[in-house]
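Chemist: So the protein sequences, as listed, match chains A and B. In terms of this note's numbering, the numbers along the first sequence are unbroken and rise by one, the last being 244. In terms of this note's numbering, the numbers along the second sequence are unbroken and rise by one, the last being 261.
One should not assume that every hint holds.
Simulated restraints, written as ranges between beta carbons of each label pair [as the list claims (entries may be wrong)]:
1. B:Glu-132 with A:Leu-240: 35 to 41 Å
2. A:Pro-19 with B:Glu-132: 28 to 34 Å
3. B:Gly-134 with A:Leu-124: 57 to 63 Å
4. A:Ser-225 with B:Val-19: 53 to 59 Å
5. B:Asp-188 with A:Val-165: 57 to 63 Å
6. A:Gly-199 with B:Ser-17: 51 to 57 Å
7. B:Ser-17 with A:Phe-172: 46 to 52 Å
8. A:Ile-27 with B:Ser-17: 51 to 57 Å
9. A:Pro-19 with B:Lys-146: 54 to 60 Å
10. A:Met-30 with B:Asp-75: 52 to 58 Å
11. B:Gly-73 with A:Ala-224: 39 to 45 Å
12. A:Ile-63 with B:Glu-243: 57 to 63 Å
Taking lysine-lysine pairs in the DSSO-like style, the calculated list, with each CA pair at most 30 Å apart, reads [as the list claims (entries may be wrong)]:
13. B:Lys-107 with A:Lys-3
14. B:Lys-107 with B:Lys-179
15. A:Lys-242 with B:Lys-107
16. B:Lys-163 with A:Lys-3
17. B:Lys-163 with A:Lys-241
18. A:Lys-3 with A:Lys-242
19. B:Lys-149 with A:Lys-3
20. B:Lys-107 with B:Lys-149
FYI, nobody ran anything at the bench for these hints, they're computed from the structure. In this text the structure is predicted, and so the values were computed from the model without any measurement. No residue lacks a Cβ here, since even glycine has one placed at the ideal position from N, Cα and C.
Each chain, written out:
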Amino acid sequence: MSKIMAIFQRELSGYFTTPIAYVFLVIFVMLGGLFTFYIGNLYERGVADLLPYFTYLPWLFLILVPAISMRLWSEERRSGTIELLMTMPISVWQAVVGKWLAGVAFVAVALMCTVPLWLTVNYLGSPDNGVIAVSYLGALALACVFLAIGSCMSALTSNQVIAFVLAVTAGFVFVTSGTPIVLDAVRAVAPEAVVSGIGSLSVLTHYEGLTRGLIDVPAVVWVASMTVFWLFATTVAVELKKAG
Amino acid sequence: MIRFLKDRMSALLELNSLVKRFQSFTAVNDISLEVPAGEVLGFLGPNGAGKSTTMKMAAGFLTPDSGSALICGVDVAVHPELARTNLGYLPEGAPAYGEMSVAGFLKFCARLRDLSGAEAREAIARAVDRTELGGVLDQPIETMSKGFKRRVGLAQAILHEPKVLILDEPTDGLDPNQKHHVRQLIRDMSADRAIVISTHILEEVDAVCSRAVIIDRGTIVADGTADELRKLGARKGKTSSLEEAFRQVTAPVTEQEPAHV
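Please work from the sequences and hints to get the whole structure.
Modeler: Structure, rendered in structure tokens:
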């Protein structure tokens, strides 16, 4: 556990020693506000809640979370430090989990920076704060999944740009897998059972419930299994590709 | 026979028939070695001979296609975490996290090595002292010269006083004073440890190594002390230099049998 914490702390402070962290936080908060007030029409709706914000958050995450995850392993491989890390007395999964947790903590900081939005709707009216709290949890859970996917993509290449593009693409498939964009393509080649299976992997299906304040078992199982699966895939990718 | 048994018992690093192929290219072809405590083994060979690949397998970073590497009797492929507790490894090029300070980096390494509190502070102070990094502790590693980076890599490798040290080109990029210092450091540490250093500087063999192995195209072509190697290059009673011996056994055109000395 202390080794996971060592990896976690190094990685998290690594974000803040470069300008990446600050650029990211500013853009994340700005775009969040933009989506909420302009595209989500917070004022015009006349309802004091953060639904406009949380509705657009998966799309914001889709682009911005890969920017956090892209360096996790690519940078280790590019700079050769992976050889140092992987000859230390730690296991691959400890390193994978430590790095992923650093990403999760960073997204948590970013989400905390949007708390003024929460205060704003409380000033404007009396929203259901329980729903908003669950929505924040849902957003963080979503980030957990995206970060796990992103860390796997990062482990596949020593090029951060490629890691970013791969992670956005994979994230897009999971965001849209409940929609005709993906389902129609699958239906053409696979039986209906596969189609509905893929549909149930969709991010939006599970996430929408959370934005209504609903924590249901399928959503929890989805978040946990997706995260575990992609972190496991990351350890396999690190093992296979570390020397390449 | 008795000497052989004794060596075998005390071999801290043991490589058994290591083979590594990259696609159709065989980088390392059946390399076996035993390094007992107290020995500093020089690993020589032309560029691309398989030195780094062998060291990566010995350190457990690369998985061999066949054969095994044992550190203090523990197979690095079977129990990697346990085996690595006795290993200090300086990878080729001395990679380190550039944005970290020297002190931060060494603290991080100490934590991964399960050193904490006073123990960690002592270990770091000792390694910093030995590698003379005291003046640059707060400097980010990426802003430092090649020589300093190499010393940071060395400090990391000796931090936990490992039984086995594998150093890939430890003196590369150092000026003559620093080279002298690092060689001194390696000699000082060699008493109860097995140390392997790769180099293509032949003078290093005389300076620090108690034994040298020359590898060429993935196989061992010579193995012995510096004087024994010198005899390989000698013809009819004449003495030869290590360089002549090196050229002789790694001759690019003629195919030849490994020389046993």
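Chemist: Decide, hint by hint, whether the structure agrees.
Modeler: Hints, verified against the model:
{"no.": "1", "hint": "B:Glu-132 with A:Leu-240: 35 to 41 Å", "in the structure": "39 Å, holds"}
{"no.": "2", "hint": "A:Pro-19 with B:Glu-132: 28 to 34 Å", "in the structure": "33 Å, holds"}
{"no.": "3", "hint": "B:Gly-134 with A:Leu-124: 57 to 63 Å", "in the structure": "59 Å, holds"}
{"no.": "4", "hint": "A:Ser-225 with B:Val-19: 53 to 59 Å", "in the structure": "39 Å, violated"}
{"no.": "5", "hint": "B:Asp-188 with A:Val-165: 57 to 63 Å", "in the structure": "50 Å, violated"}
{"no.": "6", "hint": "A:Gly-199 with B:Ser-17: 51 to 57 Å", "in the structure": "53 Å, holds"}
{"no.": "7", "hint": "B:Ser-17 with A:Phe-172: 46 to 52 Å", "in the structure": "48 Å, holds"}
{"no.": "8", "hint": "A:Ile-27 with B:Ser-17: 51 to 57 Å", "in the structure": "55 Å, holds"}
{"no.": "9", "hint": "A:Pro-19 with B:Lys-146: 54 to 60 Å", "in the structure": "26 Å, violated"}
{"no.": "10", "hint": "A:Met-30 with B:Asp-75: 52 to 58 Å", "in the structure": "54 Å, holds"}
{"no.": "11", "hint": "B:Gly-73 with A:Ala-224: 39 to 45 Å", "in the structure": "41 Å, holds"}
{"no.": "12", "hint": "A:Ile-63 with B:Glu-243: 57 to 63 Å", "in the structure": "58 Å, holds"}
{"no.": "13", "hint": "B:Lys-107 with A:Lys-3", "in the structure": "12 Å, holds"}
{"no.": "14", "hint": "B:Lys-107 with B:Lys-179", "in the structure": "25 Å, holds"}
{"no.": "15", "hint": "A:Lys-242 with B:Lys-107", "in the structure": "24 Å, holds"}
{"no.": "16", "hint": "B:Lys-163 with A:Lys-3", "in the structure": "22 Å, holds"}
{"no.": "17", "hint": "B:Lys-163 with A:Lys-241", "in the structure": "29 Å, holds"}
{"no.": "18", "hint": "A:Lys-3 with A:Lys-242", "in the structure": "20 Å, holds"}
{"no.": "19", "hint": "B:Lys-149 with A:Lys-3", "in the structure": "24 Å, holds"}
{"no.": "20", "hint": "B:Lys-107 with B:Lys-149", "in the structure": "16 Å, holds"}
Figure legend: structure checked against the earlier numbered hints; hints not met, in rising order: 4, 5 and 9.
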